[in-house]
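Those sequence lines, one after another, are chains W and F.
Residue 115 in our numbering sits at position 115 of the first sequence, with consecutive numbering throughout.
Whatever position you read off the second sequence (first residue = 1), add 1000 for our numbering.
Incorrect hints may appear among the rest.
Capping the alpha-carbon separation at 25 Å, the derived lysine to any residue pairs in SDA-like fashion look like this [claimed, not checked]:
| no. | chain 1 | residue 1 | chain 2 | residue 2 |
| --- | --- | --- | --- | --- |
| 1 | W | K79 | W | A89 |
| 2 | W | K79 | F | T1002 |
| 3 | W | K2 | F | L1183 |
| 4 | W | K79 | F | E1049 |
| 5 | W | K2 | F | L1185 |
| 6 | W | K2 | W | T15 |
| 7 | W | K79 | F | D1003 |
| 8 | W | K79 | F | L1005 |
| 9 | W | K79 | F | G1046 |
| 10 | W | K79 | F | L1008 |
| 11 | W | K79 | F | L1183 |
| 12 | W | K79 | F | Q1052 |
Listed below are several chain F residues computed to face chain W (Cβ distance under 7 Å; list not exhaustive) [claimed, not checked]:
| no. | residue |
| --- | --- |
| 13 | E1049 |
| 14 | G1160 |
| 15 | A1179 |
| 16 | L1189 |
The hints are simulated quantities; they were obtained by calculation from the structure and are not laboratory data.
Heads up, the beta-carbon is just placed ideally off N, CA and C, and yes, glycines get one too.
Letter by letter, the chains look like this.
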Amino acid sequence: MKRLLSLWRVRPRLTAAFLLACLVTLYFVGRFVTFSIYWAQHRDMPVEPWMTVSYAARSWGIDPAALNDLLHLPAPEVKGHPQPLAEIARDRGIPVADLVAEVEVAIAALTSTERAE
Amino acid sequence: MTDWLLALVPQYGLWLLAVTTFLSCLALPIPASILMLTAGGFAAAGELELWQALGAAATGAIMGDQIGFGLGRSLGKTVLKRLGRDRGRDRLLAKARALLKRRGVAAVFLSRWLVSPLGPYINLVAGSTGLGWLRFTLSSVPGEALWAGLYVGAGFALGGNIHAASDMLGSILGMIGGAAAVLILGYWLFSSAKPDGRT
């Protein structure tokens, strides 16, 4: 501390920059710790229209095939590429929000049965 | 626009990824980092190959760097020549060249992944101030590989939770940048200034 004070008298700007860099680093360390704790408890990501069924299933740690069966969704092979929920909803002629809600209900059902087992 | 772009990943995956990182290296406002995180998530879900996603993202970025460097070299020279007619400016330009010569490799490497918003501009300056192509490329390639690895890898590791991945990665990069600044400034401060008043 004494050393810093005497340095401050000799090179105030450089000392200030050094202390500022220390504060910024501490801020990011704190941010990292907070996010690590938060995300360890909130691992799952809300279902969004751009996700495919596998993506949503992976994010919730459930079997994509089970989710597909429950929702009667098209398998990826139908169009030659995996389809995002937005595309499936368009093909079915329903609003994407409805399909997202359906997927969320199915995920909730599957996670509760998995927990029961 | 981001959601629309993300929905295209399953269909156009690798090409989309490469084009996105390519354009973002030319300073176009494209959410390349979110796209890379998502591609990592799709790789975790088994819909993209991880190594292919990494390769596509890095290749696009490396090509973008080359174009930026080339633009700096071809367009920069005429502008710089005009600026150099003024003696004061000419001295400044000489200083900039010298700095890039001394620290060019570090500046290019770090502006790929640690302070990536600076990247496109560094490309132009590096091209126009005459940083050698080989030195530029040798620092751009590992830098972009690291950039792609960090973002695609974070998306993969966090199983497609791109919010978590972006929060964690942002904090990690902040810590690295902060710690580097502490080390450099600390070294400078404690080695150059003597506490008894002599500098």
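Inset, instruction - Enumerate the violated hints, using their earlier numbering and listing them in ascending order. - result: Structure breaks hints 11 and 13.
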